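For the sequence shown, the numbering used here assigns the number 50 to the initial residue and increments by one for each residue that follows.
In case anyone wonders, no lab produced these hints; they're calculated from the structure. Hints are not guaranteed to be accurate.
Unchecked claim - Taking lysine to aspartate or glutamate and the DMTMM-like style, the derived pairs with C-alpha atoms no more than 25 angstroms apart in a straight line are: (1) K121 x E102; (2) K121 x D81; (3) K121 x E64; (4) K121 x D78; (5) K115 x E102; (6) K115 x E64; (7) K115 x D78; (8) K93 x E119.
Bear in mind that the values here come from a model prediction, so they are computed numbers and not experimental data.
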Amino acid sequence: MQEVYMDFDLNRTGESLDFVNILFDEIIDNSDKATMISVLDQTKTLIQSLGSEISVLQLNQFEDNKIVPEYKYSSWTNPVQTTSLVNLLNLFIDLLNGTYQHIFGNVTFMGYQNFSNPNEKVI
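All chains should be built: construct the whole structure from the sequences, respecting the hints.
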């Protein structure tokens, strides 16, 4: 669980490039799985408390707080729908529970999809 926390924290602080690599393979027992699902459920509640979207201003402020300038996203131009974030966390929970039914292609948020990619799932 400490390694998973470090993965998330490196992304939050901007010490990792603008993607998150979560190795659920490192969650090896039911206690760790239950802890991770509890964290994801709490995160969903926090995200939902933000309203329907995270504004461009809020996203850019998040980037400004990152430690490594090279890993800052240059400038957000679209807000992020909080339902997309919640859906992503639900996907993580399904993966942890072994109930995810889809074949992986790309997963992207509403408003950020590439319409030419048939393997892309918009959440």
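Worksheet item: So which of those numbered hints doesn't the model satisfy?
Response: 2, 4, 7, 8
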